[in-house]
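2 protein chains.
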Amino acid sequence: MSLLVIGTVAFDAIETPFGKTDKIVGGAATFISLAASHFVKKTNIVSVVGGDFPKDAMEMLKAHGVDLEGLEIRENEKTFFWSGKYHNDMNSRDTIDTQLNVLETFEPKIPANYQGCEFLMLGNLSPVLQRQVIESLHTRPKLIVMDTMNFWMDIMMDELKRTISMVDVLSINDEEARQLSGEYSLVKAAQKILALGPKYLIIKKGEHGALLFDKENVFFAPALPLEDVFDPTGAGDTFAGGFIGYLAETRDISFSNMKRAIIYGSALASFCVEKFGTERMVNLSDAELEKRVHEFISLVQFDISLVDA
Amino acid sequence: MSLLVIGTVAFDAIETPFGKTDKIVGGAATFISLAASHFVKKTNIVSVVGGDFPKDAMEMLKAHGVDLEGLEIRENEKTFFWSGKYHNDMNSRDTIDTQLNVLETFEPKIPANYQGCEFLMLGNLSPVLQRQVIESLHTRPKLIVMDTMNFWMDIMMDELKRTISMVDVLSINDEEARQLSGEYSLVKAAQKILALGPKYLIIKKGEHGALLFDKENVFFAPALPLEDVFDPTGAGDTFAGGFIGYLAETRDISFSNMKRAIIYGSALASFCVEKFGTERMVNLSDAELEKRVHEFISLVQFDISLVDA
Numbered sequence: 049m050s051l052l053v054i055g056t057v058a059f060d061a062i063e064t065p066f067g068k069t070d071k072i073v074g075g076a077a078t079f080i081s082l083a084a085s086h087f088v089k090k091t092n093i094v095s096v097v098g099g100d101f102p103k104d105a106m107e108m109l110k111a112h113g114v115d116l117e118g119l120e121i122r123e124n125e126k127t128f129f130w131s132g133k134y135h136n137d138m139n140s141r142d143t144i145d146t147q148l149n150v151l152e153t154f155e156p157k158i159p160a161n162y163q164g165c166e167f168l169m170l171g172n173l174s175p176v177l178q179r180q181v182i183e184s185l186h187t188r189p190k191l192i193v194m195d196t197m198n199f200w201m202d203i204m205m206d207e208l209k210r211t212i213s214m215v216d217v218l219s220i221n222d223e224e225a226r227q228l229s230g231e232y233s234l235v236k237a238a239q240k241i242l243a244l245g246p247k248y249l250i251i252k253k254g255e256h257g258a259l260l261f262d263k264e265n266v267f268f269a270p271a272l273p274l275e276d277v278f279d280p281t282g283a284g285d286t287f288a289g290g291f292i293g294y295l296a297e298t299r300d301i302s303f304s305n306m307k308r309a310i311i312y313g314s315a316l317a318s319f320c321v322e323k324f325g326t327e328r329m330v331n332l333s334d335a336e337l338e339k340r341v342h343e344f345i346s347l348v349q350f351d352i353s354l355v356d357a
Numbered sequence: 049m050s051l052l053v054i055g056t057v058a059f060d061a062i063e064t065p066f067g068k069t070d071k072i073v074g075g076a077a078t079f080i081s082l083a084a085s086h087f088v089k090k091t092n093i094v095s096v097v098g099g100d101f102p103k104d105a106m107e108m109l110k111a112h113g114v115d116l117e118g119l120e121i122r123e124n125e126k127t128f129f130w131s132g133k134y135h136n137d138m139n140s141r142d143t144i145d146t147q148l149n150v151l152e153t154f155e156p157k158i159p160a161n162y163q164g165c166e167f168l169m170l171g172n173l174s175p176v177l178q179r180q181v182i183e184s185l186h187t188r189p190k191l192i193v194m195d196t197m198n199f200w201m202d203i204m205m206d207e208l209k210r211t212i213s214m215v216d217v218l219s220i221n222d223e224e225a226r227q228l229s230g231e232y233s234l235v236k237a238a239q240k241i242l243a244l245g246p247k248y249l250i251i252k253k254g255e256h257g258a259l260l261f262d263k264e265n266v267f268f269a270p271a272l273p274l275e276d277v278f279d280p281t282g283a284g285d286t287f288a289g290g291f292i293g294y295l296a297e298t299r300d301i302s303f304s305n306m307k308r309a310i311i312y313g314s315a316l317a318s319f320c321v322e323k324f325g326t327e328r329m330v331n332l333s334d335a336e337l338e339k340r341v342h343e344f345i346s347l348v349q350f351d352i353s354l355v356d357a
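As they're listed, the protein sequences go chains A and B.
Just remember that the working numbering sits 48 ahead of the position in the first sequence, which is counted from 1.
Just remember that the working numbering sits 48 ahead of the position in the second sequence, which is counted from 1.
Just so you know, these hints were derived from the structure itself, not from any lab.
It is possible that part of the hints are untrue.
In this list, chains with the same sequence are indistinguishable; a pair is considered to hold if it fits within one copy or across any two.
Stated by the list, open to error - Here are the simulated DSSO-like pairs of lysine-lysine, each with C-alpha atoms no more than 30 Å apart in a straight line:
| no. | residue 1 | residue 2 |
| --- | --- | --- |
| 1 | 339 | 263 |
| 2 | 253 | 133 |
| 3 | 190 | 323 |
| 4 | 323 | 157 |
| 5 | 103 | 157 |
| 6 | 133 | 68 |
| 7 | 323 | 253 |
| 8 | 236 | 323 |
| 9 | 236 | 253 |
| 10 | 133 | 236 |
| 11 | 339 | 240 |
| 12 | 240 | 263 |
| 13 | 68 | 236 |
| 14 | 253 | 240 |
| 15 | 89 | 236 |
| 16 | 253 | 339 |
| 17 | 307 | 253 |
| 18 | 253 | 263 |
| 19 | 339 | 307 |
| 20 | 133 | 240 |
| 21 | 89 | 190 |
| 22 | 240 | 209 |
| 23 | 263 | 133 |
| 24 | 307 | 236 |
| 25 | 209 | 323 |
| 26 | 110 | 263 |
| 27 | 247 | 307 |
Here chain A stands alone, though its shape is the one from the complex:
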């Protein structure tokens, strides 16, 4: 099948200046799949949960076209749990608690049905596991997109760079790009990171938008100015899920189509932050999405005719 997603399916407990939640459903693969469901009819995921993971959450995922054959359920163990508190600026957060649980011994197993996928999304996980997934596939996907985070840069930079060298698109935030490259300038950082192997680099800047680089081109997508960012959890995964979902559906991996994919990813992320966790994403309609994409167009659209350029 076309789209394969690796990543966590988890519980989150979140506190923001607007309120706090008990344990709610989260995880990279969850957000990625929900976003991708606006484009592809079926998403295969490889992940793991414990016996405590609610059946209705699995039904919700199925209703969004997620195939659960690759979701390992360990009845006697507990689901991965993360708890965090966002600061007033919503750009920084403190981790209050991380319970790896099932994730501690997770070994991604690719069902035979999932072989031959054309689009592979590696959600944030240990770069060793991400690489194992690539190596478990009998044929290399047409496009591999990888997310990661500063944590892996702190503890296993060499492993991380090895995995990065095997993917087509790396998606990280601005601080991670700086840490990975040792360059403050994002333009210089992009050059160094592309030299590690990926053909494309996405640098996410949160409320300041996102940049897409290849060796010759750069594209900038704004974030929609919002009255409030209610909960940023999952926004980066939602962005990535919209990005790869759009590419998988259109089957076009040109730079100009990636620009469109980034606009769709940005539009989806702008919904994600409107409510806690997956709340806004679960019932988001395609019509709402198209309307918001239209807002992105009018946000950046201008008309200059240059005679001399």
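Following the hints, complete the assembly by docking chain B onto the known chain A.
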């Protein structure tokens, strides 16, 4: 005449991670006029300098179409001097020294020739002086653009709000918008600031671009991703000068033309930061500017056809 600029003509001494300068020519009116010179043939400025201000700097301004009748020269006094040091991230700076000198007793005097201007740029100065200028004009300009800074919010918020209520466009940075409105969200901040009187608000976000708001619309212009920001001094003034210069030349103050003006202002600012002080601006050609505007177009241009929107 068409464009009148009020603001400082000054000396700066600047230290950045890339180097430091002795006293060099700076000041808001200087940067504004140099930027505007790419659009208008003549810029009238009202400002003050001391006898120490170099004759060749005045010749340089004249060569860029700046009329100096409104530049008061106090032979026995010294020119306003500011010295500052930028931190590594280039977004924050410490003021090392401020010597008001001639500025301490400055009272803007509008030459008779300058009456009837259609476009007025109020560079950053005491809001009391800015208001005096508006009140000294016999006919209200077609468009008044005002810059200011956090300093005036700290010490004379009421005076500042009074002046803001008299202008058409306010141009400030994101932190200033938050301080002025008491809102963290820039969307909410914009609503509150527009309620003070201006029809348009520009929020400058440095390396993250700029937003233009009116009560119904929002436009986002990116900043060009640069390898290095060498010296940010004057970038905001250069942006404002490009903005009002473009509007004065095209004589069109519609929202869609303001979007173009912001792209030109952003393009000019992207040059300003490439060298110390006015160095890059003094010899910048129109062809270089057009080429860079083209880079802005390709930076944000994407093509999505929405059937449902």
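Right, here's what the structure says about each hint:
no. : hint       : result
1   : 339 to 263 : between (33 Å within a copy, 20 Å between copies)
2   : 253 to 133 : both (20 Å within a copy, 26 Å between copies)
3   : 190 to 323 : neither (34 Å within a copy, 44 Å between copies)
4   : 323 to 157 : neither (33 Å within a copy, 55 Å between copies)
5   : 103 to 157 : within (22 Å within a copy, 77 Å between copies)
6   : 133 to 68  : within (9 Å within a copy, 41 Å between copies)
7   : 323 to 253 : both (20 Å within a copy, 26 Å between copies)
8   : 236 to 323 : between (35 Å within a copy, 18 Å between copies)
9   : 236 to 253 : both (16 Å within a copy, 21 Å between copies)
10  : 133 to 236 : between (32 Å within a copy, 23 Å between copies)
11  : 339 to 240 : between (37 Å within a copy, 26 Å between copies)
12  : 240 to 263 : within (10 Å within a copy, 43 Å between copies)
13  : 68 to 236  : between (39 Å within a copy, 23 Å between copies)
14  : 253 to 240 : both (18 Å within a copy, 26 Å between copies)
15  : 89 to 236  : neither (39 Å within a copy, 38 Å between copies)
16  : 253 to 339 : both (23 Å within a copy, 26 Å between copies)
17  : 307 to 253 : both (16 Å within a copy, 23 Å between copies)
18  : 253 to 263 : both (20 Å within a copy, 26 Å between copies)
19  : 339 to 307 : both (18 Å within a copy, 22 Å between copies)
20  : 133 to 240 : between (33 Å within a copy, 29 Å between copies)
21  : 89 to 190  : within (18 Å within a copy, 56 Å between copies)
22  : 240 to 209 : within (12 Å within a copy, 47 Å between copies)
23  : 263 to 133 : neither (37 Å within a copy, 34 Å between copies)
24  : 307 to 236 : both (21 Å within a copy, 29 Å between copies)
25  : 209 to 323 : neither (35 Å within a copy, 35 Å between copies)
26  : 110 to 263 : neither (39 Å within a copy, 43 Å between copies)
27  : 247 to 307 : within (14 Å within a copy, 33 Å between copies)
The structure fails to meet hints 3, 4, 15, 23, 25 and 26 from the earlier list, while all remaining hints are met.
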